[in-house]
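**Student:** Sequence:
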Amino acid sequence: MRILRHAIAILVAPVTVTVLVPILLSVTTGLGAPDSGAAVTAVLGTLGAVFMAIGLTLVVWTIALFDRVGDGTLAPWDAPRKLVVRGPYLHVRNPMISGVLFILLGEALLFRSPVLLGWFVAFFAVNQTYIPLWEERGLERRFGQDYVTYKHHVRRWLPRFHPWHA
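Residue numbers (numbering that gives the first Met the number 0): 0 to 165.
Where hints are given, some of them may not hold.
[To be verified] Distance ranges between label pairs, derived from CB positions:
1. 70 to 35: 16 to 24 Å
2. 19 to 59: 17 to 25 Å
3. 133 to 41: 37 to 45 Å
4. 76 to 41: 40 to 48 Å
Keep in mind the hints are simulated off the structure, nothing from the lab.
Glycine included, every Cβ here is placed at the ideal spot set by N, Cα and C.
Produce the complete structure using the sequences and hints provided.
**Tutor:** The following block contains the structure:
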């Protein structure tokens, strides 16, 4: 049952955002930009692959933390029951969304796609609005002063160089 909970949450959220929407956008609008030369293509492709690897690592790591530490999944209907302040959460408040953003930016670079770059920007803009107005308020209600203290010390998007310790 535990694996099924995570599988459904992963299919609904990260897979939709990083796989299904980019495929749909690519099929309906075309994929890449005009040829910009082998060297530029190689550099952008390599950088894109590195960003995607970083993003996938963050997403997998945070899903595991939500399961092991938070006793929940990434899905809003099965959210962690305990505040997770370990691993990448000691550096940045939203490492899962940061991971998804790395994947989206990596895809845009790898495929040299202005449309996928636009999807990256749109996804960031939605989260930049949604997280402070909805998610953070809900976390404050669920976890109280512990979350307020954490939020005061760890930035939303820009990671701390040194991990925060309560």
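**Student:** Decide, hint by hint, whether the structure agrees.
**Tutor:** Structure-based check of each hint:
1. Residue 70 and residue 35 have their C-beta atoms about 48 Å apart, which leaves the hinted 16 to 24 Å range violated.
2. A hinted range of 17 to 25 Å holds for the C-beta pair residue 19 and residue 59, which are about 19 Å apart.
3. With their beta carbons about 41 Å apart, residue 133 and residue 41 fall inside the hinted range of 37 to 45 Å.
4. As the Cβ distance of residue 76 to residue 41 is approximately 43 Å, the hint placing it in 40 to 48 Å holds.
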